Amino acid sequence: MLSSTAASQVRASHILIKHQGSRRKASWKDPEGRVISATTRDSAVSQLKLLCDDIVSGKAKFDELASRYSDCSSAKRGGDLGPFGRGQMQKPFEDATYNLKPGYWKRSRVLITHCSHQN
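Residue numbers for the sequence shown follow the UniProt record's numbering, so the first one is 1 and each next one is one higher.
Each hint should be verified, as a subset may be incorrect.
[As the list claims (entries may be wrong)] With beta-carbon atoms standing in for the labels, derived distance ranges:
1) V35 / S8: 36 to 42 angstroms
2) D53 / K101: 18 to 24 angstroms
3) R68 / R34: 36 to 42 angstroms
Read the hints as simulated data drawn from the structure, not as lab findings.
Here the structure is a predicted model, which is why all the values come from computation and not from measurement.
A virtual CB, placed ideally from N, CA and C, is assigned to each residue, including glycine.
Start from the sequences, fold in the hints, and give me the full structure.
If you want it as structure tokens, here you go:
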């Protein structure tokens with residue numbers, strides 16, 4: 001989900017599902033990384049697609065799913081990353097967010113990166 005806060009910044013929300021290929025195999029909900037280390041990339045992508053389906057069908061709300069399933073600390077804020085500018089996020093994520101229209105929710109593509117915010 002994306003909104004525009006200023007010409008040089010965007011604001012996005014996301015759901016991050018870490019997997020055994022993630023650079024840092026720990027999160028707020030899996031501090032020792034046991035579940036993450038056992039999760040394949042394909043399994044993480046499948047889980048994200050199921051979450052997307054639940055959102056699109058109206059079965060669940062984005063922020064509720066982000067709070068429950070996201071491995072990012074932004075889960076506390078329903079997946080909201082807040083406003084950020086260029087160079088603050090991993091390049092593929094940054095490019096994807098800057099290329100969306102404000103208010104647009106992109107369900108057609110699961111973005112796979114190496115789980116890193118560059119703050």
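Each hint tested on the structure:
no. : hint                           : verdict
1   : V35 / S8: 36 to 42 angstroms   : 37 angstroms, holds
2   : D53 / K101: 18 to 24 angstroms : 22 angstroms, holds
3   : R68 / R34: 36 to 42 angstroms  : 18 angstroms, violated
Hint compliance for this structure: hint 3 is the single one not met.
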